[in-house]
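Visitor: For reference, the chains in residue letters:
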Amino acid sequence: MNKGAMAPDQEQDTPLKSDSMFINLGPQHPSTHGVLRVGLTIDGEMITKAVPDVGYLHRGTSKLAEVRGYHHCVVLTDRWDYVSAMPNNLVFCLAAERLMGLNVPPRGDVLRVLMCELNRIASHLLFFGTYGIDIGAFTPFLYAFREREMILDLFEMVSGARLTYNYIRLGGVMVDVTDEWVAKCREFIEYFKPRLDEYDTLLTYNPIFMARTEKVGLIPPQTAVNWGLSGPNLRGSGVNYDVRKADPYCGYEQYDFEIPLGKTGSCWDRYFCRVSEMRQSVRIVLQALDKLAPGPVMAPGVAKVPKPQPGEAYAHVEGARGDLGIFLVSDGQASPYRMHVKAPSFMNLAILQELLVGNKVSDVIAILGSTDIVLGEVDR
Amino acid sequence: MTQDELYSKLAAELPHLEKAQTQVKDYLTMRLPSADRLLETVRALKERLGFDYLEMVSATDWLGPVKPEGYIRNPNPIVFMAEGATPQSIPTATPNFPYRPMIELVWMLANIPEKIRLVLKLEVPREDAAVPSLCGLFKAADWQEREIYDLMGVAFTGHPNLTKILTPEFLQGHPLRKDYVHVKDRFDE
Amino acid sequence: MIEYFSKVFRGAWATVAGMMVTLKYMVKPSVTVHYPTEKLVPFERFRGALLFDPGTCISCNLCVKACPSTCITLENATIPDPKNPAIKKKVAKVDWYTIDFGKCNFCRLCEESCPTKPKSVWHSLDYEVVFFSRDEMVRCWKAGTKFVGQYWDRKEKAFKDPEGQIQIQDVQARR
Amino acid sequence: MSEPAKEKEAVPAATPANVVPAGAAAAPAAAAGTVAPKPAPKAAAKPLPTPVFNERHGKLILNSRYWPTELWKSPWSLPSYRKGALVLFGLIAGILLTGAAVGELSRWADKLYALIAAFVAARHWPAVTTDAVWDLIKILIVLHVVLINGLWAIWWERKISAHIQSRVGPTYAGGWHGWAQTLLDGVKLLLKEDITPTAADKWVHALAPAIVVAPVIIAFAPVTFGKQLAAANLDMGVLYIFAFAGISVIGVIMAGWASGNKYSLLGGLRASAQLVSYELPRGFSIVPVLMFAGSLNLSTIADAQAGYWHGLPRWFIFYPVIGPLAFVIFLIASVAETNRTPFDIPEAESELVSGFHTEYSGMKWSIFFLAEYGYVLLASFLLATFFLGGGASPFAFDHVIPSWIWMLGKAMLMMFTFLWIRWTFPRLRADQLMDFNWKFLLPWSFANIAFAGLFLLFR
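Protein chains in written order, with this note's numbering: chain B, 33 to 412; chain E, 20 to 208; chain P, 4 to 178; chain S, 28 to 486.
Isolated chain B (complex conformation) (with noise of 0.2 Å):
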């Protein structure tokens, strides 16, 4: 891992001396994703030094939801993660109902898990395509994003908005589902299945790609917990974490699903994660609407101006990214007195420093576009 880093110590040996580069990747670049800047110390094209620098995007969510009431907040949170906004909705609300002592209806609860997993996959989405940018192969994004506006169609029918849905609130979700829009997401669902066979042909078991991303970025999985990490990135390495299975919520252990884990933690291995995470996301939302039986979307009683009584609550899922969680202070009044939100793409992120030292300038890209980070979260 740190061979680059001792880099500099062998060239002081050689008769040949050359001297280092510092290079800004970004926060002006196609491949950060947002307003990241890496900024890289390379000797030729090894980097043997990278400092991430965020906070570009830093928008002080923490401090305004102590200005607001808990139905406000729950706006906020769409801008966090605002490729899947419906995990972050969620994970406000199952905060403050735990607060609040609020229990959501078993309708309500399935259109969670449904809309949090059509979410999920139209995030992979977004990676895929953008992953296949940051490789070079241009013609997977917009396949992805072809996929993916469907889904947000989908969404658009059923909460009005196509990022950020505000759908998830406190004690059940905006509005239910009409009999027309399960059968649009049935044929979403049956189109969509196809679709990821050809992907897997495109990109996932394409030579160069295979080449390109296998044996790059590789998290041992101990430094992969040990660094925080959450999500597929973590589950790229072998290691068996899911919110979804270690801490269920809104009723997820009723649901058949598998967690993919990968060997190595590669790119390859976290890519593939994410696509695999795909199929079972496919499943989930087949036995969602399956699931979805006549009832109330939204908990009786729930107040215009909640105020909790005094106390602490901690809610975590797993979002698109990882292990999203919220720590929620209340103190008897009618906005939050603390909130905390502990971002895994704030998590994923930090652990480049230390991943992309010895790798080459195309690898720093290859690993960076594989963390899949969204900077509207590392920020909030």
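Keep in mind the hints are simulated off the structure, nothing from the lab.
Incorrect hints may appear among the rest.
[To be verified] Straight-line distance between alpha carbons at most 35 Å, and here's what the computed DSBU-like set of lysine-lysine pairs gives:
1) Lys216/B to Lys186/S
2) Lys120/P to Lys86/E
3) Lys466/S to Lys81/B
4) Lys86/E to Lys295/B
5) Lys86/P to Lys106/P
6) Lys27/P to Lys186/S
With the hints as your guide, set chains E, P and S onto chain B.
Guide: Only chains E, P and S this time, still in chain B's reference frame:
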């Protein structure tokens, strides 16, 4: 492992941990009496009890509700709005709530194979708040501690690179402290 | 030897298979919509730009409270008290009402909170909302104003109709 | 296209697009009309009302969502799809008919030459004038082939890439399938500000595009465009082309170095390594062709592939093992030489932003593209000449369609292959690129020479 089993185990192995008054809902919450034994405790938890996954580092400032003065940076330039739009709801102090000039640090540790989590709490005074860094034990603490330092102003002694991470260089103060007042900077005009 | 050739063959096969996928989609119809000349109509629940009806509003302030970003402001209409004309009495009508689209989150909370029937403030299906200046972001309504509202041009000191919002649907449909 | 008209008729009241519920003060009655309580229907239950777009912007209104599930069910029912297929068919038929009507271009060229010679003789000018004028005409024609190719190839690449990606590409400029898009882009690039960065070495920065583009134009001299149709019938044509095509790399390195940008520098360095390496397999892969043809002259090579084996043309690509292998190696090396996608590390969009031409703008920038597409065309013609029989018809019975049409068709097929490869594959890493070259392509091209020798020995 259930929470009760974990509690009895903790009582046997680390007797100086006490059950916290405010439990984080659904998770076992233990309180450390002082910062001195933090490293020792966490090392024991990591090595002997298998809590090798640091899930969250957080902190709460218990000074009291936010002061709205200085909360909004700019007066609203829009003609129809009241000058300097107010926050959505101005929090007031809850009567009989134990507000105190302390910062409470919260660590959440997880044992992945056992599927159990443990919350550690530690109170430090607001002035010159400092606790030992967990960076030596968990790399995951690196950025999370920087975040807490940046936003809450808790110095983590022994951290290799304790610098601001989220807020810009010129921003003065620690925004998540309840008495934070914005100081005008070059972007305010 | 066999391993080498099988590896080469597998690589070549995967390559050709990938090319076949792209070829397959080349002969399929395109899925795009040619935006300026073709436009999609959003679904019924779409949360577009907010519209407001000054006629039905009862000035209850619920939307002001519901807004997470405090972008709504309103003023009660008043009438002079018949007994004492010096005192103004508040009535359940709105004097003026503004929404700052620069802050609006399009979150539907105001529409959900509106107690009147039909709704006084509601999301249209208009996604083509363009602002040419910051003044245009603040829409203002008074009695008799159109649903789309007007904005106050600070330079010319006059109310003007917004140019940027293109209505794509009967404005009553969502209420 | 009659849809919008229908929609408008369907709207009962001729409401103006910006629905005015109430005139401000003028129409209190209208205001009362809006105030009057209406039955509030449930939004979800009611079908969507007829949309009324603003006249300025909306021409066509789609009332349903465009989901691939609906579109791909029966593509032939879509008018646009039928129209596109018809256009494609008409285009091909038109070109074939034109070819049949015009006949061999070399015949017309001979006539033109005779005309010039007669004109010169009539004026009593020295006889050498004829050749001088003739050469000038040939130079101008070849120059324009390269320049117009840039326009055509970029448009084609856009269309092909768009259709591969379920899009349609340019549609507006010029009216018909966006044919004028590149032309207008060229005008735009001409009018754009020409920026030279402060850190750049001005002279080298300005010179680099010229050094990149000049060799490709020069290299077109011996390329055959059909039977007896080449600007210069050189006996060492193959060597000549390879020699000149190798010069461009100097321009690329100059561009990378002179830009004063770290990304450009990396791009230039990568380019030098890549282009120099891939020259080797590219050159060696066609040695079997030269062995069979026994000449370095492109016309001779093309003529050597005339004739049929039981209906199968005697093209070099159909030679067992040797032909396809040489073809694949030459194709891969050509893609690498033109810096296109599986091998586009010098200008890797996602890593080096644009590599060596990051700091170029306006016409200088477009000259790099001219050179790139010039090389694509060159490689296409070479592939057609070396492996696809040049201007030979694939059918023994065909005596109508002239050789230049076949040549052009084959070259365009090869160009399509280039685009197809580009829009399918991800990019290799620099070291993998080198590995692939030195450990796979080069050994196999050597082996292929040995195979060819054995074949010739035991034939």
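Visitor: So, against the hints stated earlier in the document, which numbers end up violated here?
Guide: Failing hints, ascending: 2, 4, 5.
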